[in-house]
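Asks: Take a look at the letters that make up each chain.
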Amino acid sequence: MALLEVRELSVRFGGVVALDRVSFDVDAGQVVALIGPNGAGKTTLFNVITRVYRPSGGTVLVSGRSVQTIRSHHVIRHGLARTFQNVALFRSMTVLDNVLVGDHTQTRSGWLQASVPLPGAVAAESASRKRALEMIDFVGLGAHAERPVATLPFGFQKRVELARALVSKPRLLLLDEPAGGISHEEVDAMARLLRRVHTDLDVTMLLVEHHMAFVMGICDRVVVLDFGKKIAEGSPAEVQRNPAVIEAYLGAA
Amino acid sequence: MNRIRTAPPRYWLVALTLVFFLGFPTVISSFLASEWTQALILAIAIMGLNILVGYSGQLSLGHGAFMALGAYVSAILAHRYKMDYLVTVPIAAVFTGGVGFLFGIPALRLSPLYLALATFALAVVTPSLIKRPAGLTGGVQGILVLQPDPPDFAREAFAFVTGTAMTSDQWIYYITLLLAVVLFWLAWNLVRHRPGRAMRAIRDGEVAAAASGVNVAGYKTLAFGISAFYGGTAGSLFALSTGFISPDTFPVSLSIQLLVGAVVGGLASIPGPLLGAIFAFFLPIGSNQWVPSQTWLPDQITSTVKNAGPAVSYGVVLILIMMFAPNGIVGLLRSGYVILNRRLRGASDPKTGQMPPDPQTV
Ligand SMILES: Nc1ncnc2c1ncn2[C@@H]1O[C@H](COP(=O)(O)OP(=O)(O)O)[C@@H](O)[C@H]1O
Ligand SMILES: [Mg+2]
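Protein sequence lines correspond, in order, to chains H and S. In this text, residue positions in the first sequence follow the working numbering: the first is 216, and each later residue adds one. In this text, residue positions in the second sequence follow the working numbering: the first is 9, and each later residue adds one.
Errors might be hidden in some of the hints.
Stated by the list, open to error - Here are a few chain H residues that sit away from chain S, every Cβ distance over 12 Å (derived from the structure):
| # | residue |
| --- | --- |
| 1 | 217 |
| 2 | 225 |
| 3 | 425 |
What the hints assert, rightly or not - Simulated restraints, written as ranges between beta carbons of each label pair:
| # | chain 1 | residue 1 | chain 2 | residue 2 | range |
| --- | --- | --- | --- | --- | --- |
| 4 | H | 342 | S | 290 | 42 to 50 Å |
| 5 | S | 116 | H | 283 | 16 to 24 Å |
| 6 | H | 337 | S | 125 | 40 to 48 Å |
| 7 | H | 335 | S | 348 | 18 to 26 Å |
| 8 | H | 334 | S | 102 | 21 to 29 Å |
Treat the hints as calculated values from the structure; they're not laboratory data. Ideal placement from N, C-alpha and C gives every residue a C-beta, glycine not left out.
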């Protein structure tokens, strides 16, 4: 059984067909890229997987269980964490606090324990802090833990988001354009960082990316969407040779 | 010793504030003490509103209604069922908190604008809602609340310090102060731990908060409940300190006063509600005395202030705050402190810190 199974998935917004009977699998241990021109439906697919949108047809299975039966804030408890295309950080908070929110599901202390605060809550808080700081170090922002995220450059914000997702110890990480909008050097650094996420932290990844070099460098398999339809799937080299893919990209350009 | 010297400035400020509020009634009149009691009560209510608006990002224009509920629960229990008033305070707080929690459930379905309208409507109908069950609430006649005499230990301690007998007003001041300190401490713990972070996350972005595992609906209703708990406590103490409540004790302007205090003090901060409450309580009193005595002001302004009461001064101050200090008094003080600190110690600007190393090299 694959970690993620997308089955005949369709999403319509009024007249717009954002996804049209898309099917593919992500096996545990893989790094899969989801590519396609703007408006192909990649972000929509992520939003269905994480229960932001409801599909018009088809299903998504996580370890064999339909995500439709999982409440949106429980998705992460099933091992699915994500980042957002345009970075959705908690803008009034520091780097550390953002990552601590990512750690929310790793502790249980509720409002009563926290208010008093009971010893259990205090211990949970310091364990939480330790995990968050480790993850902030991992993405290379150790010196910036106390800075408000809004004061960081965009490239750093993307790493904060990555740390926030990783601290929940996901099995599957969904990355929406991790290299979008950042400089050349930062793109290379991000690729190296993601490779370490895969090897050191053992996280399976499904990532949306336009950057072909980036995709070729870190992915085992590529799924190509165009106008909501899957038009190709295969190894990076196969996909690059595929006439339909070349057509879609040239047509869009 | 070294620990004391290196304690963060906020611990010093907390200690100083505590000493001030503990000692203040020993040097002011009993009447002034009861005014400060009301400022502290306002601070409790504003802290509740701050948790709702400042931390969880839900606007309420009707928080006076929760104060009214707490006040009437206490007053009815004490008056009709002859309960000890101090016992009724936690009952009123928990009851109001429960009602606030229930109110928070339909509130989830409202957009921010409609939530503002719904809570405002609540504030508007509160006085007439109170009048209806006249048998229970005393209708327009209101309810008298007996003010307790200070117990012996308090009387003796006060006499030892000041040489004068402690009045009921002074005793109620100390009860209020104790509850305010406890409630501020609880709020401080709440907001800097997991639940408070979850609320701020929701305020900053619900989709990302849910993706991080935060139960958005749960924390939003929780914020309503906690907020109403604070409001109920404040209302209960308010009835005690004024000795009398009636429907007119809880007009719409009370809810506005709470919101002004929350914004002026500084949302999403712990000292903010205290500063905001002192401000929101004394500004209308002060401006009503000061403005008419200023002969250089045009008659129109003087008479407007006299007729419209606090509304005018609130309006003026709100506009000034929004223009010059969007983070309220606390924000102003904080940036002042940062600038001062940098001047004095040459401390580094957090905005120009070192760039992070390449992740590969870490
Ligand atoms: N919330 C929405 N409401 C209406 N249309 C939407 C919404 N989200 C996405 N779409 C539409 O769905 C299509 C796919 O969008 P998206 O998934 O963002 O594409 P991609 O991420 O591949 O660039 C686009 O035509 C877009 O306009
Ligand atoms: Mg997209």
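Asks: If a hint holds in the structure, say so; if it doesn't, say that too.
Replies: Quick rundown of the hints versus the structure:
1. The beta carbon of residue 217/H sits about 22 Å from the closest Cβ of chain S, which is more than 12 Å, so the claim that it is off the interface holds.
2. Residue-level check passed: residue 225/H sits 22 Å from the nearest beta carbon of chain S, beyond 12 Å.
3. For residue 425/H, the requirement that its beta carbon stay farther than 12 Å from each beta carbon of chain S is met, with the minimum near 21 Å.
4. The supplied range of 42 to 50 Å is met by residue 342/H and residue 290/S, whose beta-carbon atoms lie about 45 Å from each other.
5. For residue 116/S paired with residue 283/H, a C-beta distance near 21 Å keeps the hint of 16 to 24 Å intact.
6. Distance hint for residue 337/H and residue 125/S: a CB-CB separation of about 41 Å, consistent with the stated range 40 to 48 Å.
7. At about 39 Å, the CB distance of residue 335/H to residue 348/S disagrees with the hint of 18 to 26 Å.
8. Separation of residue 334/H from residue 102/S is about 24 Å and conforms to the stated range, judged on CB atoms against 21 to 29 Å.
The structure fails to meet hint 7 from the earlier list, while all remaining hints are met.
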